[in-house]
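Novice: From first to last, the protein sequence lines are chains A, B, C and D.
End of the first sequence sits at 479 in the numbering used here; the numbers just go up one at a time, nothing left out.
End of the second sequence sits at 479 in the numbering used here; the numbers just go up one at a time, nothing left out.
End of the third sequence sits at 479 in the numbering used here; the numbers just go up one at a time, nothing left out.
End of the fourth sequence sits at 479 in the numbering used here; the numbers just go up one at a time, nothing left out.
Honestly, the hints are just simulated from the structure, not real lab data.
Just so it is clear, the structure is predicted and the values come from calculations on it, not from any experiment.
There's no promise every hint is true.
Note that identical chains are pooled: a pair holds if it fits in a single copy or bridges any two copies.
Below 27 Å or equal to it, Euclidean Cα-Cα: the simulated DSSO-like pairs (lysine-lysine) are [claimed, not checked]:
| id | residue 1 | residue 2 |
| --- | --- | --- |
| 1 | Lys452 | Lys429 |
| 2 | Lys118 | Lys308 |
| 3 | Lys147 | Lys119 |
| 4 | Lys429 | Lys340 |
| 5 | Lys402 | Lys207 |
| 6 | Lys402 | Lys147 |
| 7 | Lys118 | Lys213 |
| 8 | Lys402 | Lys118 |
| 9 | Lys207 | Lys340 |
| 10 | Lys452 | Lys207 |
| 11 | Lys207 | Lys119 |
| 12 | Lys392 | Lys58 |
| 13 | Lys308 | Lys147 |
| 14 | Lys402 | Lys392 |
| 15 | Lys207 | Lys308 |
| 16 | Lys429 | Lys213 |
Protein chains: 4
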Amino acid sequence: MARDPGTSDYSDPRPKEKCGIIGCTGTSPVTSDLYYGLRILQHRGQESAGLAVFDGGLKAKRGMGLVHEVFTKEDLLGLRGNSGIGHVRYSTTGSSVLDNAQPIVVNTSYGEIALAHNGDIANANEIREELSKKGWAFMTTSDSEVIVRLLANEIANTGDVKRALREFTNRLVGAYSLALMINDTVYAIRDPLAIRPLCVGEGNGRMMISSESVVFDALGFKFIRDLKPGEIVELRADGFESTRLPHPNHTAHCMFEWVYFARPDSVLDDRLVYDARVKIGEQLAREYPITADIIVPVPESGRAQAQGYAQASGLPVVEGLIKNRYIERTFIMPDQQEREIGVMLKLNPIRSAVKNKRIVLIDDSIVRGTTIRKIVQILRLAGAREIHVRIGCPPIRFPCYLGIDMKTRNQFIANEKTVPEIADFINADSLGYLSLRGLISALKHSRDDVCLGCLTGEYPVPIPGEKLRREKPLEMFAESAGGSPSRKKTKTAA
Amino acid sequence: MARDPGTSDYSDPRPKEKCGIIGCTGTSPVTSDLYYGLRILQHRGQESAGLAVFDGGLKAKRGMGLVHEVFTKEDLLGLRGNSGIGHVRYSTTGSSVLDNAQPIVVNTSYGEIALAHNGDIANANEIREELSKKGWAFMTTSDSEVIVRLLANEIANTGDVKRALREFTNRLVGAYSLALMINDTVYAIRDPLAIRPLCVGEGNGRMMISSESVVFDALGFKFIRDLKPGEIVELRADGFESTRLPHPNHTAHCMFEWVYFARPDSVLDDRLVYDARVKIGEQLAREYPITADIIVPVPESGRAQAQGYAQASGLPVVEGLIKNRYIERTFIMPDQQEREIGVMLKLNPIRSAVKNKRIVLIDDSIVRGTTIRKIVQILRLAGAREIHVRIGCPPIRFPCYLGIDMKTRNQFIANEKTVPEIADFINADSLGYLSLRGLISALKHSRDDVCLGCLTGEYPVPIPGEKLRREKPLEMFAESAGGSPSRKKTKTAA
Amino acid sequence: MARDPGTSDYSDPRPKEKCGIIGCTGTSPVTSDLYYGLRILQHRGQESAGLAVFDGGLKAKRGMGLVHEVFTKEDLLGLRGNSGIGHVRYSTTGSSVLDNAQPIVVNTSYGEIALAHNGDIANANEIREELSKKGWAFMTTSDSEVIVRLLANEIANTGDVKRALREFTNRLVGAYSLALMINDTVYAIRDPLAIRPLCVGEGNGRMMISSESVVFDALGFKFIRDLKPGEIVELRADGFESTRLPHPNHTAHCMFEWVYFARPDSVLDDRLVYDARVKIGEQLAREYPITADIIVPVPESGRAQAQGYAQASGLPVVEGLIKNRYIERTFIMPDQQEREIGVMLKLNPIRSAVKNKRIVLIDDSIVRGTTIRKIVQILRLAGAREIHVRIGCPPIRFPCYLGIDMKTRNQFIANEKTVPEIADFINADSLGYLSLRGLISALKHSRDDVCLGCLTGEYPVPIPGEKLRREKPLEMFAESAGGSPSRKKTKTAA
Amino acid sequence: MARDPGTSDYSDPRPKEKCGIIGCTGTSPVTSDLYYGLRILQHRGQESAGLAVFDGGLKAKRGMGLVHEVFTKEDLLGLRGNSGIGHVRYSTTGSSVLDNAQPIVVNTSYGEIALAHNGDIANANEIREELSKKGWAFMTTSDSEVIVRLLANEIANTGDVKRALREFTNRLVGAYSLALMINDTVYAIRDPLAIRPLCVGEGNGRMMISSESVVFDALGFKFIRDLKPGEIVELRADGFESTRLPHPNHTAHCMFEWVYFARPDSVLDDRLVYDARVKIGEQLAREYPITADIIVPVPESGRAQAQGYAQASGLPVVEGLIKNRYIERTFIMPDQQEREIGVMLKLNPIRSAVKNKRIVLIDDSIVRGTTIRKIVQILRLAGAREIHVRIGCPPIRFPCYLGIDMKTRNQFIANEKTVPEIADFINADSLGYLSLRGLISALKHSRDDVCLGCLTGEYPVPIPGEKLRREKPLEMFAESAGGSPSRKKTKTAA
């Protein structure tokens, strides 16, 4: 899926993963590892960043902006500690943004607790309301405060941290990968369906947990393994102790991590993201073969898929679109032209490469459809003869309640239009969405072990007003399955 | 009392009032009034500032620094609202400072609550601990969070804001002037002993509450009156509604507001601060007459007292010390000389004015004694013949638990040394502290209506480990009473 | 003269001295002394600050803002050098402000030159134009660039720095106190009429030059003496070498330094500023005696004068106006009320002190008259019975071309109105300007040795379109001389 | 060539082009076009940015940082003007950096001149020294000041701007693409050898000049043509007027623009950069065929070349290295590990993609060799079986004096080692540099029309101490010509 070009009225409401988390324990300060680890996880959130460490007492800093903007050298020197957790958060707006930044820190009768959360608690509002009626007041609007208050309450009730950790999740319905620091001890928890990623590694005499394995690669740490569904890990400098929450016999890994969100060089639950995307591309080539000259990926989101398509089709990949890597932040000129300038500033075609060419244009997914439509237009203006859009994910039609920021049903073009109508809207000569079957085969996980809520409307946990997923044959999702891609206008029949 | 010259090891731990608060309700945006009002209250806190307004929903911004540094023009445009409260806070350190900034904002079952607090809850830690044991977790270390959570809890329990406002203070022991905004309604509460100041005014079709009356002067508003002990005021655009908490038949106004902290042009509880200070000066002249040539005030804190001393003694006031008004912030050069440079940068003598002169040097109070000692040295180096120090407050010897940042007993020189020893330590030819009787007469309040805890060690509310004030004849405090000032060394007998 | 309250349309165009300068040479880094010295000189310019040091090569930093805002600790560590000069500059606006900040640094065939300048070159535009016609291009709009280019040119022509220093000033007409660093050597130059102040001191094994002696006091240095008219001083760590430019047998010290601009604790050309101001106050009391109750100074600019008035009249000084010391920067709310709020935010009356009182209100000078008018209004609203304004300087009616930022003739109320009309305009019961004779007697310099251009329109150096001063009896300036003050309206006759 | 990973001791001294320039004239404000245009040119310089516009008078702002960091919305509103020029500058260090930022602005007898310069004046120091001896003083260390002073001098001498523009370049030896604004008129000049790029376009009723054509694409402007060698263009809103400087019958376009520096989607002197790079890749495949499994480009600098290699070899391109796009700025932790972390943070291998693979690793060029060495190591650690490095440029061995920041001879590994030794140093199984012949054929320019100074040591203009290029057969450069690549160690013979 093409990235947000920065102007809100133009851009696709791209699915925004809520966060990246990290935690580390050693026998010497771990600040440096946490800091660099957060920079590696920066793609999971660019709005705010925070670190909390324990050095006799808890010290923390959170701020708005990229990791390297939030922390000065002086900050880092002041955040020395042998245990710590960190967090990066996705972009949002509003007056309370800093208050919602993490790690969230609370003082309890037991001591200090810091929490970094990746995910979405489906029943957070329900819990919040219930507790509000009991007289609890909340200082932020984040799920994380609900979580940490439940935990603090449970610790006070039980007087036993380990028991509390096992029990406070009873009330939580949803996706949660958590990094917790309770006084000087770092814990990691992954929800019983293992919806969001979380893994553990070691290096430099330290144990670390991280949202993605790429952090271990970059820091020279050794990847140990993913956390198991419902696993609670307590880090020590020289190892970790593990217990399990009750959990079903299947998982619900978010498919969108492989499709779009995670770094291609991360391994999530035994499946390298890059491999999944290449396989998706191959699958697309099989599902929607087309006579064309070149494959053009939407940079960067369609690159690996394009490679897979090339391997399966024999067509060459051509870098027909150049991305301006300095145009990442929002524009500031209040001009009426700005919207139009936006996409042109970000992406520019290589005319000689695309002129008169029949192009297979590959991206990871479509939400609203406006970005891909603009890209098609850019290529047409550059002289492309035919543009066949291939999308590495089935149509997204349902909200995500489990950690991706797609909340309203009417933002999805696939709910408003049929596939042929979408092809028409984006002015593609043909349009092919990856089939559900194809997706699943690419992920190398059983369909039952993957969350497909945003595609099927059936969710692995109960969501008020939504259907709960039950066993169902794949055939039921035939609609978006492959065969012949939807062609635009009269060509559709071709 | 001479101001902190900016280097921590040099400076007196000057008593720091915790805050200034403000609130306003009108039929059009009150942001501008709140903003300028906070700037007028800036002397009550320079560390952080914050505003919360209601405009359909609650909007807030808090930040570190002076009011004009915290709020950009854009911020203020984004904070339009017909109701709002504001806060300035004293300086402190530590990683959680921003989290402790106010107004503190919470979401409850009833709606949104914003709180700005001036004072100190003596039993805050006790309440906090008790609630922690019940499983409540706290996100800040401030008393204000304790207050707002108690309030939210009471609203949830009673389902009735007005009743909750009357009842939630049952648990609070201490000093509290509060500005509250509950959804779109602004309330002000003054504790039953009226320890911290709070007054109400009107102007521009708006009602306003403020820590000090000077805000009304500057904004062109009309001062209406001080809040009564235990009064709860609900602001409307065209008036206010008042109820009372149970309250004793005496007050406990903090004497230090008149002695040092408030602006001289504010009227607190019917006594103009300036008048009180002039009267203190007159009283000092009567208690400690001396043969001298000139009176030199420590700028700015001893100026009005010097004028009173002049009126009573007939000696002329001479501006013998010049203050560098640009040296307000801390120094940054890590030099060993810095400490010495510190005081020289801030205060410089007028040699011709002080040379060979017998000087009455007047300041408001002494805490540790190091600053006044330095000033005496400066004057001696400039050629002063005699230096007779007169202090507009009896010796401070006990901690304050009710809103002034003097917490540890061993910081007070008056606990370590007798008055003659202090005179010797600061190298004064004579030293006279205002008598308690003199102070009370200057304040024009009955001794029973003023808090003298830091002077007598007897407090108007129960403080664990401290004495509760009871009726006692003034004669008991004879030690620091006037008569002959303590003279240094052998001169003491003179 | 009352300070600019910060809003341009309201404020008096207060005379703004262009700068403060400093220079130092030692055998170890002098950065710290330069930095603190600049902070002490901050009152001479708040717009920009800069330091240049020599440490093998020249290193410099200049920036907009106060000294402590411009230099971070890191900057100062990077500016270590055994020789250096510094500069603070007055406030202005426009896109080229930073370019005009000083020290200005140029590279020449001889080496690197840094220049800090206080003053005004009356024929700068003429020189600039002449050199422009020769093909010289200027990168700033400041006089200082003209000066430094002339110097560089002269050094290239003569190949001899000392000769060049003596000769390049031939072209300069006007006021200039200069701190120069040519490679590692610091020079100071004072113009032949000694218009702007400049003095030399020593301490810590270093020699220092400074605009004002107060720097030496604050740093613990020893004041040596003022530079003589036309003196060129070359600093060494252990002394200095002196030569003289040709100079007349009289000086033209700017009277406004004593009247308003310099710090009261500085000694300028053998006259302590404070003493001069006290004497001015005494003189005012003699010239315009009045039956009144109290003297109220405009803080801070009228304080010493008020003391003198008190000494001569026996009336008591009362602090009837309180200044908000946090309101120094411009306001940001774009409200129509802002102008009105401006002055109220800055100054507030003590009602009890002024109510029903007959007041002698004392300030240093009047330019446009709008500020003093507002202050009179504030006092009247506070209940003052009579307000008798006394101004410690004769009427300012002519532009300054020699270092004070008063350039246009029509900004002076004294050119538009007679003294009685001014009294009427500012609504004073009486108004008395210090006589020229009185001013001169207070300065303790011969009339011939002081520049009175802004008062008399006759200048000590040729200014195109203006009169050159010649010997003239004081009687010619009888107009503003004392006797009976101008009373308002019908009271004038009284 | 792999990008600087941000730590100075690790990184290759990558050739840094000095700047990007832009200019525009219209009948309404062009600020927005200039601003966005500069953002598009950001890849040509990230250290500082500046704009100068004419709106009655000249207004300018320059600052350190990226374009979007330097200009606030308020700045841009204050820089409205119908004519203007802009500049982005490469990164450097030192205290005078801001002074060297551009556009440089001077005031002359004729009016105001603003200059933005891309290139290098080979005899700048010589001119500077000569003029210094005449008494000229320089305020910056940049060539641009030399240029603008020569121009101002010529205008003053001739009194005729157009004549001056034609004549002032007589003294300049080197590379210069200039955007000039003289009062309200924008001029562009390209040196007689057309070394640096510069082109003209139109759109929105405006004429624009820009370093690269991609600006026109992004703004929706129409590319008109490149400036001719020695062409002077005067922009009007509706067209432009052109004259020519004397120029030889050949050009000396910098080959490095196509090899590395320019954006791939720019067309420089009739050759699309992307096409040149693809062709380079094809050429590499022909010159150094190898039995391998996959092609891995160094992102982003080797991407187009990899595509060309694929087209010619039939091997698939695989994205085996993932770049962290958020790691652009320098690191701040002063850890000893930092150097090692640096490259790992920036580039991470896809293990599954490279494991056991025989890899053709493609980059654009090698300077010091340390970066490519590290990348080879990364791939080996990820399990690559063989790594055959192919470099899209002959060995760089000589300094550039014409606009690329490669100044010292001993920084080039190709001067220290033979190609086999380099292969050994970087631990490649084989190493092939593009032949000079291959490069020239890819550029589609005659060898005589391209500057190859950094490859051959023969320069198109006289450089003191260097050889001037004369006609020479290509065969002389046989050393680096293709055939068999240099293999490491004993494999070399294979």
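Novice: Which holds for Lys207 with Lys308 at a C-alpha limit of 27 Å: within a copy, between copies, both or neither?
Specialist: between (33 Å within a copy, 20 Å between copies)
Novice: Is it within, between, both, or neither for Lys402 and Lys207, if the alpha carbons may be no more than 27 Å apart?
Specialist: neither (47 Å within a copy, 36 Å between copies)
Novice: Given identical chains, is Lys429 near Lys213, meaning Cα to Cα at most 27 Å, within a copy, between copies, both, or neither?
Specialist: Within. Shortest intra-copy distance 17 Å satisfies the 27 Å Cα cut-off; inter-copy 58 Å does not.
Novice: Cα distance capped at 27 Å. Does Lys207 pair with Lys340 within a copy, between copies, both, or neither?
Specialist: This pair counts as between: shortest inter-copy Cα distance 17 Å, intra-copy 47 Å.
Novice: For the identical chains here, do Lys402 and Lys147 meet the 27 Å Cα criterion within one copy, between copies, both, or neither?
Specialist: neither (51 Å within a copy, 53 Å between copies)
Novice: Can you tell me if Lys402 and Lys118 fall within 27 Å by alpha carbon in one copy, between copies, both or neither?
Specialist: The answer is neither: 43 Å in one copy and 56 Å across copies each exceed 27 Å.
Novice: Using 27 Å as the alpha-carbon threshold, which applies to Lys147 and Lys119: within, between, both, or neither?
Specialist: both (26 Å within a copy, 18 Å between copies)
Novice: Measure nothing new, just compare the shortest in-copy and cross-copy C-alpha distances for Lys402 and Lys392 to 27 Å and report within, between, both or neither.
Specialist: within (19 Å within a copy, 60 Å between copies)
Novice: Could you place Lys452 and Lys429 in one of the four classes (within, between, both, neither) given a Cα distance threshold of 27 Å?
Specialist: within (25 Å within a copy, 63 Å between copies)
Novice: Are the CA atoms of Lys392 and Lys58 at most 27 Å apart within a copy, between copies, both, or neither?
Specialist: neither (38 Å within a copy, 32 Å between copies)
Novice: First find the shortest C-alpha distance between Lys118 and Lys213 inside one copy, then the shortest across copies, and answer within, between, both or neither for a cut-off of 27 Å.
Specialist: neither (35 Å within a copy, 33 Å between copies)
Novice: Between the shortest in-copy and the shortest cross-copy C-alpha distance, which are at most 27 Å for Lys308 and Lys147: within, between, both, or neither?
Specialist: This pair counts as neither: shortest intra-copy Cα distance 49 Å, inter-copy 40 Å.
The structure is inconsistent with the numbered hints 2, 5, 6, 7, 8, 10, 11, 12 and 13, although it conforms to all the rest.
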